[in-house]
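Protein chains in written order, with our numbering: chain C, 1 to 192; chain E, 1 to 192.
These are computed hints drawn from the structure, not numbers from a lab.
One or more of the hints may lead you astray.
Pairs count within a copy or across copies, as identical chains cannot be separated in the list.
Unchecked claim - Cut-off 35 Å, straight-line C-alpha distance, at most; resulting in silico cross-link-like pairs (DSBU-like, lysine-lysine):
#: 1; residue 1: Lys64; residue 2: Lys12
#: 2; residue 1: Lys53; residue 2: Lys108
#: 3; residue 1: Lys108; residue 2: Lys131
#: 4; residue 1: Lys191; residue 2: Lys108
#: 5; residue 1: Lys191; residue 2: Lys24
#: 6; residue 1: Lys64; residue 2: Lys7
#: 7; residue 1: Lys7; residue 2: Lys191
#: 8; residue 1: Lys108; residue 2: Lys30
#: 9; residue 1: Lys191; residue 2: Lys30
#: 10; residue 1: Lys191; residue 2: Lys12
#: 11; residue 1: Lys53; residue 2: Lys12
#: 12; residue 1: Lys64; residue 2: Lys24
#: 13; residue 1: Lys108; residue 2: Lys34
#: 14; residue 1: Lys12; residue 2: Lys131
#: 15; residue 1: Lys31; residue 2: Lys191
Because the structure is a prediction, the values reported are computed rather than measured.
Protein chains: 2
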Amino acid sequence: MFEVFRKYLSSKANLSDADFERIKAVSVIKKLRKHQYLLQEGDVWRSNAFVAKGCLRRYQIDAKGQEHILTFATENWWIGDRDSLLTGNPAISNIDAIEDSEVVLINKENFDQLCQQLPTFNEFIQTILQKSFIASQNRIYATISYTAEEKYQNFISTRPELANRVPQHMIASYLGISAETLSRVRNQMTKK
Amino acid sequence: MFEVFRKYLSSKANLSDADFERIKAVSVIKKLRKHQYLLQEGDVWRSNAFVAKGCLRRYQIDAKGQEHILTFATENWWIGDRDSLLTGNPAISNIDAIEDSEVVLINKENFDQLCQQLPTFNEFIQTILQKSFIASQNRIYATISYTAEEKYQNFISTRPELANRVPQHMIASYLGISAETLSRVRNQMTKK
DNA sequence: GAAATAGCTTGATAAATGTCAAGATAATTC
DNA sequence: GAATTATCTTGACATTTATCAAGCTATTTC
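Make the full structure from the sequences, and use the hints.
And the structure:
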């Protein structure tokens with residue numbers, strides 16, 4: 001599974017074989033069965049996780065016990081709880097596997113060292129953060145300005161790989177609408 | 001006005017007098033009257049802007065002509081269009097002054113140089129990006145999971161400096177609810 | 001300081017979306 | 001492969017929020 005990670009890295013940053021070895025030395029492969037937690041609310045998140053295979057979600061549970069999905073991550077995505085990682089506080093979000101998955105974990109200390117030692121690595125990691133932030137802002141725009149149907153349309157075009165991969169009630173949760181509304185919206189769309 | 005910026009910087013990063021001089025040399029002060037644009041949709045955004053005085057907002061206009069506010073920035077905040085800055089594409093958002101304001105502008109090239117030359121500067125800029133992203137994710141959670149009243153309550157506690165400073169229809173726009181609903185929510189809250 | 005504009009509130013009504021319940025089908029588990 | 005569980009759909013109805021319109025203040029402009 002490290003090969004998937006290596007292939008991803010080499011497409012993003014110019015790294016030598018020695019660099020790859022250094023990265024490999026601090027990478028930990030973790031296999032997850034469907035429904036298995038990678039992070040549970042209350043625990044501290046101390047790593048960066050790269051998804052080599054499968055699909056995971058990050059979500060928070062509100063006062064009424066409802067889940068709200070913040071992130072989906074499939075192959076070649078990163079996932080984690082940045083808040084907990086940065087502050088060291090217990091996480092308020094959960095991460096679990098939607099499918100049997102494999103992730104590459106690099107703990108914070110090792111990851112920071114890699115960033116310091118490998119400038120190209122650092123650079124593309126920074127770019128990911130930049131792009132993630134921009135995507136996050138775009139999602140806010142969608143959430144505050146779109147109707148339910150527009151939210152779903154936008155989801156299909158921005159995350160096409162997920163539309164037929166994850167259950168629809170999870171897509172609904174991600175979009176902030178009810179599963180029933182999503183079902184009706186989809187029904188309407190086919191009639192057009 | 002550079003003094004405000006200097007004071008802010010010195011509270012965030014360990015910088016020498018020479019460093020400050022270097023920063024000052026590439027800083028451009030810009031004064032804005034209320035309602036004046038700092039960035040207009042269609043133009044390319046090429047700087048980082050620090051708010052030394054006043055209050056600005058960043059917003060997008062939807063297909064129906066409605067404004068949706070993405071960001072408020074008061075003293076000691078940064079504002080800009082990261083998407084346009086990163087990609088070089090024309091901005092789809094607008095930035096204008098809600099009050100008479102003064103901003104410190106540093107263009108992209110100079111800013112990147114500062115980051116390369118001043119490690120502590122770079123470090124705290126990265127931290128701001130991290131925290132901004134976390135805040136953005138928290139806002140998504142609020143937007144997809146809270147009722148109108150909860151959104152406003154949350155706004156008051158996360159952005160107390162804005163609650164009595166910007167018009168309420170702008171707060172409503174930021175929260176993704178109508179101005180009338182916000183008015184009613186506020187009315188209800190006083191009765192409790 | 002009169003006139004114009006912007007901001008806020010309130011009522012009446014409409015529209016969008018949520019909730020609850022039931023049933024159908026598909027997928028998973030033992 | 002039978003039983004269980006998860007997923008999706010649909011209907012009926014409730015609730016939340018939006019929209020439209022009017023009026024009232026406060027603020028800004030000339």
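Against the structure, the hints:
Neither within a single protomer nor between protomers do Lys64 and Lys12 lie at most 35 Å apart by alpha-carbon distance, with minima of 42 Å and 39 Å respectively. Taking identical chains as interchangeable, the C-alpha atoms of Lys53 and Lys108 lie at most 35 Å apart only when both belong to the same chain, with a minimum of 22 Å there against 37 Å between chains. In this assembly of identical chains, Lys108 and Lys131 lie within 35 Å of each other by CA distance both inside one copy and across copies; the values are 21 Å within and 17 Å between. In this assembly of identical chains, the alpha carbons of Lys191 and Lys108 never lie at most 35 Å apart, being 50 Å within a copy and 48 Å across copies at closest.
With identical chains, the CA atoms of Lys191 and Lys24 are never at most 35 Å apart, being 51 Å at best within one copy and 61 Å at best between copies. With identical chains, the CA atoms of Lys64 and Lys7 are never at most 35 Å apart, being 43 Å at best within one copy and 44 Å at best between copies. Taking the closest pair of Cα atoms, Lys7 and Lys191 never come within 35 Å of each other, the shortest separation being 42 Å inside a single copy and 61 Å across copies. In this assembly of identical chains, Lys108 and Lys30 lie within 35 Å of each other by CA distance solely inside one copy; the values are 16 Å within and 40 Å between copies.
When the C-alpha separation of Lys191 and Lys30 is checked against a cutoff of 35 Å, the pair qualifies neither within a copy, at 44 Å, nor between copies, at 53 Å. Taking the closest pair of Cα atoms, Lys191 and Lys12 never come within 35 Å of each other, the shortest separation being 42 Å inside a single copy and 57 Å across copies. Within a single copy, Lys53 and Lys12 get their C-alpha atoms as close as 18 Å, which meets the 35 Å cut-off; across copies the closest is 40 Å, which misses it. In this homomeric assembly, Lys64 and Lys24 never come within 35 Å of each other (Cα to Cα): the closest approach is 43 Å inside a single copy and 51 Å across copies.
In this assembly of identical chains, Lys108 and Lys34 lie within 35 Å of each other by CA distance solely inside one copy; the values are 25 Å within and 45 Å between copies. In this assembly of identical chains, the alpha carbons of Lys12 and Lys131 lie at most 35 Å apart whether taken from the same copy (14 Å) or from different copies (24 Å). Neither within a single protomer nor between protomers do Lys31 and Lys191 lie at most 35 Å apart by alpha-carbon distance, with minima of 42 Å and 54 Å respectively.
When each numbered hint is compared with the structure, violations occur for hints 1, 4, 5, 6, 7, 9, 10, 12, 15.
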